[in-house]
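Enquirer: Listed below, chain by chain, are the residues.
Number of protein chains: 2
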Amino acid sequence: MPHRVLVPFGGNAAPAHWLGKNHLGGKGANLAEMAATGLPVPPGFIIPTPLCSQYYEAGGQLPSALVEALPEGLAHIEAAVGGRFGDAANPLLVSVRSGARVSMPGMMDTVLNLGLNRDTVEGLARRSGNRRFAFDSFRRFIQMYADVVLGLDHYLFEDALELMKDDRGVHLDTALSADDMEALVGQYLAIVEEALGRPFPMDPLEQLQGAIGAVFGSWRSERATVYRRLNHIPEDWGTAVTVQAMVFGNMGEDSATGVAFTRDPATGERAIYGEFLVNAQGEDVVAGIRTPQYLTKSARERAGAAGVSMEEAMPGVFAELASLFALLERHYRDMQDIEFTVQEGRLWLLQTRTGKRTGKAALRIACEMVDEGLIGETEAVQRVDPAVLDQLLHPTLDPAAPREVIASGLPASPGAASGAIVLDSQEAERRAALGEAVILVRAETSPEDIAGMHAARGILTARGGMTSHAAVVARGMGRPCVSGAGTIRIDAAERLVHTGRHTLSEGAIITIDGTTGQVMLGEIPTVEPELSGHFATLMEWADRHRRMKVRANAETPADCRVARQFGAEGIGLARTEHMFFDPGRIVLVRRMILAQEPAERAAALAQLLPLQRADFLEIFNEMAGLPVTIRLLDPPLHEFLPQREQDYQELAEASGLSVATLRRRAEELREMNPMLGHRGCRLGVTSPDIYGMQARAIFEAALAARTPPFPEIMIPLVATRRELDLMKTVVDAAAEEVFGAAGRRLDYLVGTMIELPRAALRAGEIAATAEFFSFGTNDLTQTTLGISRDDSAHFLAAYLEQGIYPRDPFVTLDVDGVGELVELAARRGRETRPLLKLGICGEHGGDPASIAFVEGLGLDYVSCSPWRVPIARLAAAQAALARAA
Amino acid sequence: MPHRVLVPFGGNAAPAHWLGKNHLGGKGANLAEMAATGLPVPPGFIIPTPLCSQYYEAGGQLPSALVEALPEGLAHIEAAVGGRFGDAANPLLVSVRSGARVSMPGMMDTVLNLGLNRDTVEGLARRSGNRRFAFDSFRRFIQMYADVVLGLDHYLFEDALELMKDDRGVHLDTALSADDMEALVGQYLAIVEEALGRPFPMDPLEQLQGAIGAVFGSWRSERATVYRRLNHIPEDWGTAVTVQAMVFGNMGEDSATGVAFTRDPATGERAIYGEFLVNAQGEDVVAGIRTPQYLTKSARERAGAAGVSMEEAMPGVFAELASLFALLERHYRDMQDIEFTVQEGRLWLLQTRTGKRTGKAALRIACEMVDEGLIGETEAVQRVDPAVLDQLLHPTLDPAAPREVIASGLPASPGAASGAIVLDSQEAERRAALGEAVILVRAETSPEDIAGMHAARGILTARGGMTSHAAVVARGMGRPCVSGAGTIRIDAAERLVHTGRHTLSEGAIITIDGTTGQVMLGEIPTVEPELSGHFATLMEWADRHRRMKVRANAETPADCRVARQFGAEGIGLARTEHMFFDPGRIVLVRRMILAQEPAERAAALAQLLPLQRADFLEIFNEMAGLPVTIRLLDPPLHEFLPQREQDYQELAEASGLSVATLRRRAEELREMNPMLGHRGCRLGVTSPDIYGMQARAIFEAALAARTPPFPEIMIPLVATRRELDLMKTVVDAAAEEVFGAAGRRLDYLVGTMIELPRAALRAGEIAATAEFFSFGTNDLTQTTLGISRDDSAHFLAAYLEQGIYPRDPFVTLDVDGVGELVELAARRGRETRPLLKLGICGEHGGDPASIAFVEGLGLDYVSCSPWRVPIARLAAAQAALARAA
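Those sequence lines, one after another, are chains A and B.
With my numbering, letter number 683 in the first sequence gets 683, and the count goes up by one each step, no holes.
Plus 885 on top of the position in the second sequence (first one is 1) and you've got my numbering.
Everything labelled a hint here was simulated from the structure, so no lab data went into it.
Treat the hints with care, since some could be wrong.
What the hints assert, rightly or not - If we take Cβ atoms under 10 Å as the criterion, some of the chain B residues that face chain A in the derived model are:
no.	residue
1	Leu1554
2	Thr1614
3	Leu1646
4	Ile1672
Ideal placement from N, C-alpha and C gives every residue a C-beta, glycine not left out.
Only chain A is shown next, with the shape it has when bound in the complex:
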């Protein structure tokens, strides 16, 4: 088909979204889809991407066919929206936006309010009844157009604005009057004329052609070119241009702007939910400057709020909005988050997208949509982002615990959290990196606070509603959030937070409850979440479709219980060194490490044996016959070394060695790079008696367990088959001794972590000895990428920012690098031993994207922290469904 030079949408235009993103650009395709669905989007037209190439082929000229077609496109908009482009009485204004196939945020130019000139600004002033707004819009348009189209430095205009404010003795733009704005317009126009030697173009059509050319031109701007090169986006894709009618919610008392959700994003309840402001612009709602009103009467009454609801203020438009909800959910088959504007009694939908929601709401919506027949069971399973379950699985405040409420705000994101007050993002990150729990306390948040919000356990803001930046982002992250706690005041200079009665310093501990909106002094005890209702339903559906088993990383009886409660089907990683930090044992462990003679070490090991045996017995009894993978001692021994003088004193008494000797031995054990040092099976190779003691403890406990357990003994940090051979000899010898003495045997496996690149490469021969592999992707990531997790804070943020890694590789498996090694090891291992059991026990075992990857490799199980087990169950089901699709 011949290219159309412009593709209209909205009004009575034919559906055009089938032309797709490559032709219409991402933004254009979305608008066309909304229009085709019957939603009242402000009308407009799209200039498709091929025109961009034609523009460059013509040496930076708009193709004549396009210039000729523009009046037709404008006529389509005028017919649909009323008003006329360039008409002084009822002017139509348009936006001109870029839109490439893929989003290139901030890389190309946009012009808003195009069509304003000396005549039309008067029409806008009259129709809005707001002269200041009209001239402020004109002023902004001149500056934007001069910058984008005419290539003038925006500082020229900002200087004029500052001078005006100085003249008027005010600090804020908002303090300038209509007359001031009008005067500024005059100055801006003079600035343009002086700089260019010709006047600012007052012909709206000339403005439009200029803006379209400038958007095309911005495709090859330096920053866009660099961005494309770095992101490997082809130069010849070009950008589409979308020209769309501007609509205004501030044209009087019959105008309004608002946001709405088709279901309650906090609870999932099927009810109209949202906020609006009469005679306001969209940015007023989002910025939280005016307090928005409720949409429905019932919501207003429930909240005991003063302002009239939209249902009461604009019953007709409200009814129209309500009727769109069913249409939206039928079309998009999910809860929608919409932005709307009412201009002079007419409803326009500016945007619709899948709505963010709390975990609780996600579950309820998925389950109820199945009940409603909107979606199927597998779709419900696939629909819920496993990450949001996190919110449901963390403890909530113990209702019986005493609490001193010091402030209240909106329950913006559910869950409770305690931590030290921090007043900015940098401090949040700094303290969190040191392992401190922090609560980010801000007047309001902005995108620059994202990293700090992520680092914090919870967020508290003084301003902003349920749809403020803080609230939306916190819900997405699963962080508890209390927003709009109006009684708190932040003194950034003195680093203090004032509430009514208290003054708290940065670092003081508070607790926030994002489910109630309360803020409390100190740390409040918590209780376990309830795991029934929609959660149980969805997990049951998920388990039906899951292929991989889900195990937990746990070594305490308490964690084992949590793991089973959350549905873990075994222990994938019990870290024996965690059992060694117990204060009652650390002296024995230190004696073992610092022993100079085999006999000294043997004595310490003999005392550790019954303690380890008791540890394992508890785990086996808790897991009642489920498989338990026990990793023999792994960490660098110096982690156990005495730190304080007192430690040395105690140790000297216990061991009979002098403090000086102990210090010298400890000094010998210190390492430059402990992560790559004397740890893992290297300990077993140099001191086989340690692994021998641990193996003996495992087998003795196994024979004593109530239900016969299935121990899987895991040798860490293997790089060669021979290490495993040597260590398996030690384990098997212990088994023979214990079983021989008891006259009874038990099945067990000996396997290895695959956590070094060499182990992955040599997996074929290692599998000749190993009966299972567990991918230790934390360490494998460290060595494959050469990044120490402990030290990555110095540069990893910059790496994520610059897109070097798309996500933190310690959170989501680096599929291209580490993933290839995992794939290769799985393949080579199973070539040698077809039934080799394969699992993953790094942090990635609880990360949905990583789970999807290992599903593709046919792993038998994933293992993650007990709290993440439900996430892993759901993610594994989704991965299995996606693989089957």
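Since chain A is already given, all that's left is putting chain B on it; use the hints.
Expert: Coordinates of chain B only, in the frame set by chain A:
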């Protein structure tokens, strides 16, 4: 063909070596080859490996065919050697040894002097004229046989020996008389009879059958079984058994024992060389207990030695020995090291093997053998072990330097070395690990000293000749050695070394010259080696056959000069950080690192720029147009951090920041695992201005160089293509600026180190940007194996001992692990960019085995330390020849 149950060799037996090692075992095949060559080996017969399986199939019984054949085998020996098995007048004694296809050192049993009984011992006593020797031999035989064949604990016999020494009031076995030995024999026989309830077998044939069965049985001993399992040697291979006549060099004045080389192993001169002792056993020569005599009259005279030479003492046998030399070299086509025994005027060759030699000798022998037509030019190139060149390439003592000689010994291994005196191997290793140069000083060395000798710069012994353990091993290692410096005395208790006039403590600095045998006080200056003569001839031949280029790792003008002198064809790695440690610069570098504001850093960088430019200019001028690969800043910044209070003071003055601020900043930069921390291109990503300054300095220097250079700019520690993209942008921008300002351009390349597993895996996409790869195998080994080189000392020795790695993976590339990544990266890189330039610049670039490996991958060049360039040239030639073969 049907299996023969025994395969005779020596005497008039038919050649049998063609049956091969699998059938005859390694030891048997060697003896058969010697016999077939016409060398007078003591005759014997081999029981082939299939008989071992038959032994086990028969439930541990000797196959009857074998038992029936034994008299025939013995008859063959008797005919060849004279004497009869079991004959009281002229008894034949035999050894019975195991011999598997591959060497299993110490794993299986051996019985010597078999055939002794109450009658034959008298014959031995008479014929040797040494009753004490005969009964001592019998005593030892009884103990060995009882242990190996009869399964008695050897402590039983040692207790009897100790009692006897106590009774006689002596400490050494050698102080016991013939009568004492005879009495001991009686006691030993009684011990056996009491323990077994039956007498010691006195029938030599019964003894022989027992010993053969015991050797077969030792194949399945526990330690041999474990050894095979760990080394993956099949159980069903079995062992052969070799029965061979014993010959004795201590049967009177017409008997002797000695060692000889077909050429002088120190100089390579074609002359009879060696030592012998009249009326002695072989162990007397090797142990260095008696001082051996020269073989030739001329050597004796040259040395001014007292004892008569073999040429003079036994002219007939000497002539026979001399005539064998040509035969040996024609057959083995290399210099041979032989052990011989003269029994009652008859010459026997016990062993011949390719002789160890000094580097100088290796070159001369290879070159002269080509001249003699014995071998061809390519064979000469392949023949010389590149590692031995090392000895020739290190400095020798400056002849003009004053020196105080404090002792003299034999010039046992050439070269000079200075270092601190250490008195044992442990201390040598400990101090060497700390970077200290040490000289190992011992009375004599034994195999337990190997590690210490390796750690030492040189070895000095008080006892032992030119063929003592110390001398042989030191020559093999290329370590200077002075042996038999008889005036020194070691006080191990007080840790002192006494010479005639001096008493030196452990730790005192001495210099030894292994070329002259002198020992000097303190450190003596050295001079460069001469690189002409045989060395130049061989290098010329090598270069004709070499495919890969050889470059050097160097960044100082002095090193660049050495590199060119040694034949380097470019610089493969100039480490820019090495230029930063200069005392005049370190303050600037520290200011740069600790800068808090971009402006502060910019100021420090501006001062560093001219210094870096001068560095590069020197290198470019020195290398005169050859390619120079410059690596941008790589190490963890904290390596540059101030250490001492004074450093902080200086820095505070220079930067205007307070010491407290500087300390805080420095603390922030400390890392847990600096090897995996904020280093390499991560510095460039977070502070692009550093790399920008370095690139600018390179380009400015390049334009100023006398000969236009060819800079190859290398970005370190890349793991992703994007890092390289970002850094190439910085480098290219600097180039454009410099070239634009100068109005002149130069060609250059931008490439990357491949030193992380991820980089190897993603080499395909990285090569889309990289114009060359240089394999940084030091770091790649650290990350692939997960071993920090700094910390590996704690366990790597144990790893090598237990065969987990066959060789130190930081010296010789781990082909199975790291090698696969190198291979994969080379392949993927060239799939993207077929002409991608590939090199290696880790330590492995100078290691012959590793060079052979990368030749197979088609790398373009290797780069190594300047001193190793000749080694690399030779190794690369050998690799190319081996690949072509």
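Enquirer: A separate judgement is required for each hint: does it hold in the structure or not?
Expert: Each hint tested on the structure:
no.	hint	verdict
1	Leu1554	8 Å, holds
2	Thr1614	8 Å, holds
3	Leu1646	5 Å, holds
4	Ile1672	6 Å, holds
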